[in-house]
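**Q** As you go down the protein sequences, you meet chains A and B in turn.
Plus 917 on top of the position in the first sequence (first one is 1) and you've got the working numbering.
Plus 21 on top of the position in the second sequence (first one is 1) and you've got the working numbering.
Simulated from the structure, these hints should not be mistaken for laboratory data.
Some hints here could point you the wrong way.
So the derived list for chain B, only partly shown, Cβ under 7 Å to chain A, looks like this [to be verified]: (1) Cys-73; (2) Val-76; (3) Asn-77; (4) Arg-98; (5) Ala-99; (6) Cys-100; (7) Pro-105; (8) Glu-107; (9) Phe-113; (10) Leu-117; (11) Gly-125; (12) Tyr-214; (13) Val-321; (14) Asp-322.
Quick list of simulated restraints, FRET-style, between CB atoms [to be verified]: (15) Ser-79(B) / Trp-1160(A): 12 to 22 Å; (16) Glu-29(B) / Trp-1160(A): 23 to 33 Å; (17) Asp-44(B) / Leu-1117(A): 14 to 24 Å; (18) Gly-158(B) / Lys-1169(A): 23 to 33 Å; (19) Glu-29(B) / Ala-1156(A): 33 to 43 Å; (20) Ser-109(B) / Pro-1109(A): 31 to 41 Å; (21) Glu-318(B) / Phe-1081(A): 43 to 53 Å; (22) Ala-1156(A) / Ser-240(B): 49 to 59 Å; (23) Lys-1169(A) / Phe-113(B): 50 to 60 Å; (24) Met-931(A) / Arg-149(B): 56 to 66 Å; (25) Arg-1167(A) / Asn-61(B): 34 to 44 Å; (26) Arg-1167(A) / Gly-30(B): 26 to 36 Å.
Glycine is no exception: its CB is placed at the ideal position from the N, C-alpha and C atoms.
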Amino acid sequence: MNLHGVSAIYRFEMARARRTLMQSVASPVLSTSLYFIVFGTAIGNRMGDIDGIGYGAFIIPGLLMLSLLSESISNASFGIFFPQFSGTIYEVLSAPVSPFEIVLGYVGAAATKSVILGVLILITARLFVDYSIVHPFWTLAFLLLTAVTFSLFGFIIGIWADDFQQLQVIPLMVITPLTFLGGAFYSIEMLPEPWQSLTLFNPMVYLISGFRWAFYGVADVQVGISLLMTLGFLLLCLAAVTWIFRTGYRLKS
Amino acid sequence: MRPIITVEGLNKTYASGHCALRDINLAIKPGEILALLGPNGAGKTTLISIVCGIVNPSSGRVRVDGHDIQRDYRAARACIGLVPQELSTDAFESVLAAVRFSRGLFGRAPNSAFLEKLLRQLSLWEKRDSRIMDLSGGMKRRLLIAKALSHEPRILFLDEPTAGVDVALRQDMWQMVQELRQQGVTIILTTHYIEEAEAMADRIGVINRGELILVEDKSALMEQLGTRQLRLTLQQPLEQLPPNLSGEGLSLSEDGQELVYTFDAQHETGIAQLLRRLDEAGVDFKNLHSKQSSLEEIFVDLVKEAR
């Protein structure tokens, strides 16, 4: 295994995050904090508890998931898109690194940044909302699993995208709406039929529900199903990345 | 001596249907400088890209130092450094970070002393902390060379290395290529500057429309395909060639001041016979000089013939 190669890609990507600290860390932490201030501290006090949890605390897993998903996708997609855009991808393609090592470098760095961001958001949330975590191990597990899965998804988007607009389409037009409608701000049991059943087709429901279970021990769907759905998406992304490298899709002509 | 690169029956047809390479067979000797010449779109960059692993071949086999570029790609690629044609660089990284990245990517442990020496050789050490976007075009070209050499490759591909660079940098690069050759590095370069190939290469390969028309030692190529011209400046201008002088290879310049005799350097030149016939015809000359055709003229002829 070319560990120096993996480390070079990983360090290169982490250095990029350090150069863009305001955009990659400060900005998502600030915007998520605004949600905590508005929905947690200001409006949250006037809202009733959901499943016995104060509203401010209830929305933490969903908001954390929202940031985690968008940052994982955007970090990983930009990481691989930019070398293609600038032409520097030639160096990675001509280097003695395997597809697995390339993915490990890019996706590993993107996932690391997302996890750091997630932890920072959790710490910031504590400033505005009182909460405690019931299953710390599972919280960390879901955090890692989601960061890796959606960084892989971002890597695929970065290879697929033709331009900067396409790079933004999936996170902004698909992921964000699905997360908002996936129970980030409410329990899906609060929805009338048929919306409650239809919502089950939204994959974000399973991610947010699983994460909320790890936090507070309550969930809209069984935690096992949440875990299986997340693992299923991870496998789907792995299969897509394997296909990309096997065929050279958009990487090699 | 075993070739360091062997290309056998290599073909490449892009998804668009464009056939970029047709049945390329080539063996490159260790330590030699091979110049690949060819017009735009001839397939030079495609050939290099396949050997380096950037483009997938349609069929055929390439081995680098005995390693198949697909089955044993790690060992094959570790031997190769590539300086691409385009100035493809990162923008925000520093020079030193970019070179460190390249060395690591190719599986080499960090070596600050070597990188410092390399950057000094390429006059980049003073710029080591500069962002790449702040470098001039020439400096970016030097950086691409530094990146390609950062993992101490045994084979260096230079794809149009001096395109758009000033004379000083071009001479520096020629110097660097000679130094690398002395260290035993095999160099394959593509160029439009035929004088570059003429000055540097041991062998010349000519590619046209995806076919490798020939690969030949430069001196042998010039000997075999080069024609010589003998130009005789006349005492008195002629209006036309005297009848006993008209024959193959002899012509009169437009102003009638010169007789131009073109002959094949490899065979019987016919110069002695020509001079006798001039004497018989009473044509006196005051000066004569001969000239060998340049590589550029040979190249143009070869490409024309292939059309």
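**Q** Next step is simple, just say for each hint if it's right about the structure.
**A** The hints, checked one at a time:
1. With a least beta-carbon distance of about 4 Å to chain A, the hint placing Cys-73(B) at the interface is held under the 7 Å criterion.
2. Interface restraint check for Val-76(B): the shortest CB-CB distance to chain A comes to about 5 Å, inside 7 Å, so the restraint holds.
3. The interface hint given for Asn-77(B) holds, since its Cβ lies 5 Å from the closest Cβ of chain A, which is under the 7 Å cut-off.
4. Hint on Arg-98(B) holds. Least Cβ distance to chain A is approximately 4 Å, under the 7 Å limit.
5. The closest approach between the C-beta of Ala-99(B) and any C-beta of chain A is roughly 5 Å, which is under the 7 Å cut-off, so the hint is satisfied.
6. Interface hint status for Cys-100(B): violated, as the beta-carbon distance to the closest one in chain A is roughly 9 Å, over 7 Å.
7. Satisfaction of the interface hint for Pro-105(B) is found here, the shortest Cβ-Cβ separation to chain A being roughly 5 Å, below the 7 Å cut-off.
8. Using the Cβ-Cβ criterion of 7 Å, the hint placing Glu-107(B) at the interface with chain A is satisfied: the shortest such distance is roughly 5 Å.
9. The closest approach between the C-beta of Phe-113(B) and any C-beta of chain A is roughly 6 Å, which is under the 7 Å cut-off, so the hint is satisfied.
10. Interface hint at Leu-117(B): violated, since its Cβ lies 12 Å from the closest Cβ of chain A, which is beyond the 7 Å cut-off.
11. Taking 7 Å as the C-beta contact cut-off toward chain A, the hint placing Gly-125(B) at the interface holds, the least distance being around 3 Å.
12. With a least beta-carbon distance of about 23 Å to chain A, the hint placing Tyr-214(B) at the interface is violated under the 7 Å criterion.
13. Hint status for Val-321(B) relative to chain A: violated, with the closest Cβ pair at about 30 Å, above 7 Å.
14. About 32 Å separates the beta-carbon of Asp-322(B) from the nearest beta-carbon of chain A, more than 7 Å, and the hint is not met.
15. Between Ser-79(B) and Trp-1160(A) the Cβ separation comes to about 20 Å, which falls inside the hinted range of 12 to 22 Å.
16. Taking 23 to 33 Å as the suggested C-beta distance range, the pair Glu-29(B) and Trp-1160(A) conforms, at roughly 29 Å.
17. For Asp-44(B) and Leu-1117(A), the hinted distance range of 14 to 24 Å is not satisfied, since their beta carbons lie about 58 Å from each other.
18. For Gly-158(B) paired with Lys-1169(A), a C-beta distance near 28 Å keeps the hint of 23 to 33 Å intact.
19. Against the hinted window of 33 to 43 Å, the Cβ-Cβ separation of Glu-29(B) and Ala-1156(A) comes to about 34 Å, which satisfies the hint.
20. The supplied range of 31 to 41 Å is broken by Ser-109(B) and Pro-1109(A), whose beta-carbon atoms lie about 56 Å from each other.
21. At about 48 Å, the CB distance of Glu-318(B) to Phe-1081(A) agrees with the hint of 43 to 53 Å.
22. At about 56 Å, the CB distance of Ala-1156(A) to Ser-240(B) agrees with the hint of 49 to 59 Å.
23. As the Cβ distance of Lys-1169(A) to Phe-113(B) is approximately 26 Å, the hint placing it in 50 to 60 Å is violated.
24. Our hint of 56 to 66 Å for Met-931(A) and Arg-149(B) is violated, since their Cβ atoms are close to 20 Å apart.
25. Range check, Arg-1167(A) to Asn-61(B): Cβ separation about 25 Å, and the 34 to 44 Å hint is violated.
26. Checking the proposed 26 to 36 Å range against Arg-1167(A) and Gly-30(B) shows it holds: the Cβ atoms sit about 27 Å from each other.
Violated hints, listed in ascending order, are 6, 10, 12, 13, 14, 17, 20, 23, 24 and 25; each of the other numbered hints is respected by the structure.
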